[in-house]
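Asker: This is what each chain is made of:
Protein chains: 2
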Amino acid sequence: MATAMSSNYVTCRRLIRFVRTVKQPTSTRNYSSNVDPSKIRVQNSEVKGFVERCMQSVGAKVSHGTQLAEVLVAADYRGHFSHGLNRLEMYVNDLKSNTTMSDKEPGVICEKAATAHVDGRNLLGPVVGNFAMQLAIQKAKESGVGMVTAKGSNHYGIAGWYSMQASDIGMLGMSFTNTSPLQVPTRGKKPVLGTNPITLAAPGRDGDSFVLDMATSGVAVGKVEICDVQKTKIPLGWGVDSEGKETTDPKDVLNGGALLSLGGLEITSGYKGYGLAMLVEIFCGILAGADYGPNIRYWKDNDRAANLGQCFIAIDPEAFAPGFQDRMQDMMKICRMTEPVDPSKQVLVAGDPERIHMAMCDDTGGIPYHPNLIEIMSKLAKDVSVPPMKTVQ
Amino acid sequence: MATAMSSNYVTCRRLIRFVRTVKQPTSTRNYSSNVDPSKIRVQNSEVKGFVERCMQSVGAKVSHGTQLAEVLVAADYRGHFSHGLNRLEMYVNDLKSNTTMSDKEPGVICEKAATAHVDGRNLLGPVVGNFAMQLAIQKAKESGVGMVTAKGSNHYGIAGWYSMQASDIGMLGMSFTNTSPLQVPTRGKKPVLGTNPITLAAPGRDGDSFVLDMATSGVAVGKVEICDVQKTKIPLGWGVDSEGKETTDPKDVLNGGALLSLGGLEITSGYKGYGLAMLVEIFCGILAGADYGPNIRYWKDNDRAANLGQCFIAIDPEAFAPGFQDRMQDMMKICRMTEPVDPSKQVLVAGDPERIHMAMCDDTGGIPYHPNLIEIMSKLAKDVSVPPMKTVQ
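Protein chains in written order, with this note's numbering: chain A, 1 to 393; chain B, 1001 to 1393.
Treat the hints as calculated values from the structure; they're not laboratory data. One or more of the hints may lead you astray.
To be verified - Using C-beta positions, here's what the derived DEER-type ranges look like:
#1 G1256/B / D206/A: 33 to 39 angstroms
#2 E225/A / K1333/B: 30 to 36 angstroms
#3 G323/A / N1255/B: 34 to 40 angstroms
#4 N302/A / D1301/B: 38 to 44 angstroms
#5 V108/A / G1256/B: 51 to 57 angstroms
#6 D342/A / D1036/B: 42 to 48 angstroms
We put the beta carbon where it would ideally sit given N, CA and C, even for glycine.
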């Protein structure tokens, strides 16, 4: 397991070299404009150590704390700040209140040549996710494809963390998780599904890869919150008010409203995004026998175990036509070289924005955090009696 | 094979009973308003017989003609007229010009416990698709999941035809196909991907089911053509002009423009739809070693074999948590019973619009076709010297 996880870091380093050495679209090279001097930088290893200290202080096994730390660092390093350090307090509180446990390891309930069903035993999401994904990879090595479901799981961080474990070793990886209800079904007033993400990671040549990691809602709720703070309107297609009517006011969405599915309203095919959110729920809560749909506890409630359902798939391209990685690299090249509408915004493939962010972190000495988050983390350090994070001077 | 295919008809009949007997949302009962008196009705069996006659007259093996006929009838019966009889001429011409063949059967190139790679030998798409889907189902029975790719295939009709072969026997089914380039990548000027559909069919109780069958573009090109004929604007988010700029004029899209991905422009997360179209291409052209992306021949060109790539997945829910169908039915009930924004438009689940259409066909004595299509089919009958379709009097 440790090998698979540290190999994600190896890939990150490879990808950065790729960003620096391979002919890249303009917008993946000119990332310097994204560097915000008001941010406070922290080295990846320091973020990881801090998460480990916090989690151990509230009773996490060393290996469980490390597994959570690695996925949270990966989220921030890749630029998905909504799924990184800013969620640490939730994981700490869940463990402190025994809503999440760290006393066991996940177990296999039943298995066949290419499948397994796992009991997550209410352990930390990444502990369950890593166990299940590694099992899917083993199955794929033997049978060509492996599919593993898990019940009794918790928030597992960025979905792409698991799919990349497969692409790091030349396989295709997928993962899915259900989440707390936030997305209205097309035509409906109230949310019955979560933001239910889908991820696929597929290896190209020389460390390059395709990494799709997307919520099936149009946007994550964090994007609406940012507009609210900045007092800007949201585009039509992002969310609805408490009566299910489309709105451009972020407050309508945040105060009793909900997110729209990818595609927006019915006229712009929002029913497809709703269908995809159902697909994720079918692979997770329904197939795994976990909580599902509106029965999932509300976001950040910790009155009961989350009992999330998750699904992990690994596919060995060697079981199909030879030459997968060459064709994959060629297809990505075709996309990246497509003439752009705006010459300053070149066409990217899924995973490119994250590569740009990682290169920027490396070049500027660490992950850039908002000063408010650093302050919150300092307070958390005091609360759980561990040394705070050292920032880059 | 024949059993699996005729069982789709059994399911259709079951679904109609479901529509009639189970408490349904208002909009799935009041389908009578959709009945258009200007349409000409033809019984399913008559449509099937006509397709068989036409295909045999240009050299199709009896079983190949039947397999094509069944999927074309299913498309029209389910209300997907863009994929039914109106494509018959294309299949006839492809076979007549030897661009598609009917002299062999598909073959397995390599296989593992849960996977297989199939050579479609340039046979009719449904012949390749049925062969590959049935193989995926066999693999799933033994190993829990089965995944089969096919190269050397052709247009296979509605993607849902294959996924429903799995749901008809209590499994989950998926299928994917790449298609001719029509979809621009986010930020790009020119199309590099097709409308690349995804389908998932999952069984509920008593013949009820979830059947997602969606293009990863916002809409199919047929919807734009209808707006053009009716001289109405298209909504923003459907397509772009030849410079990649979003447009509301259907002519811009049809004359050198292209379709946008599900989600529309970048601001409304169109890159997610683009990512999903890539996912389909990765599972099809890239994994199967078929033509891919912009290398696929243009739509309806028949100067060379299409060499499409396709992918078929079957998942046995018995390999995971017990009680799948009960939870599936409950989740569909939750969605259908969600309070609607507009009381006259109840919340549906994927597959409901098709159920409504099938019930309407049954109640009105046949599938309703536009008189123009009936005329074109009469001309085709003359061209290939077979008796024309009998219409319902």
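Asker: If a hint holds in the structure, say so; if it doesn't, say that too.
Answerer: Now for the hints, and whether the structure bears them out:
Here the CB-CB span from G1256/B to D206/A is close to 36 angstroms, well matched to the stated 33 to 39 angstroms. Distance hint check: the CB atoms of E225/A and K1333/B are about 32 angstroms apart, consistent with the given range 30 to 36 angstroms. A hinted range of 34 to 40 angstroms for the beta carbons of G323/A and N1255/B is consistent with their spacing of about 37 angstroms. Distance hint for N302/A and D1301/B: a CB-CB separation of about 59 angstroms, inconsistent with the stated range 38 to 44 angstroms.
At roughly 55 angstroms, the beta-carbon separation of V108/A and G1256/B lies within the given 51 to 57 angstroms, and the hint holds. Between D342/A and D1036/B, the C-beta spacing of about 44 angstroms keeps the proposed range 42 to 48 angstroms intact.
Against the hints set out earlier in the document, a violation occurs for number 4 only.
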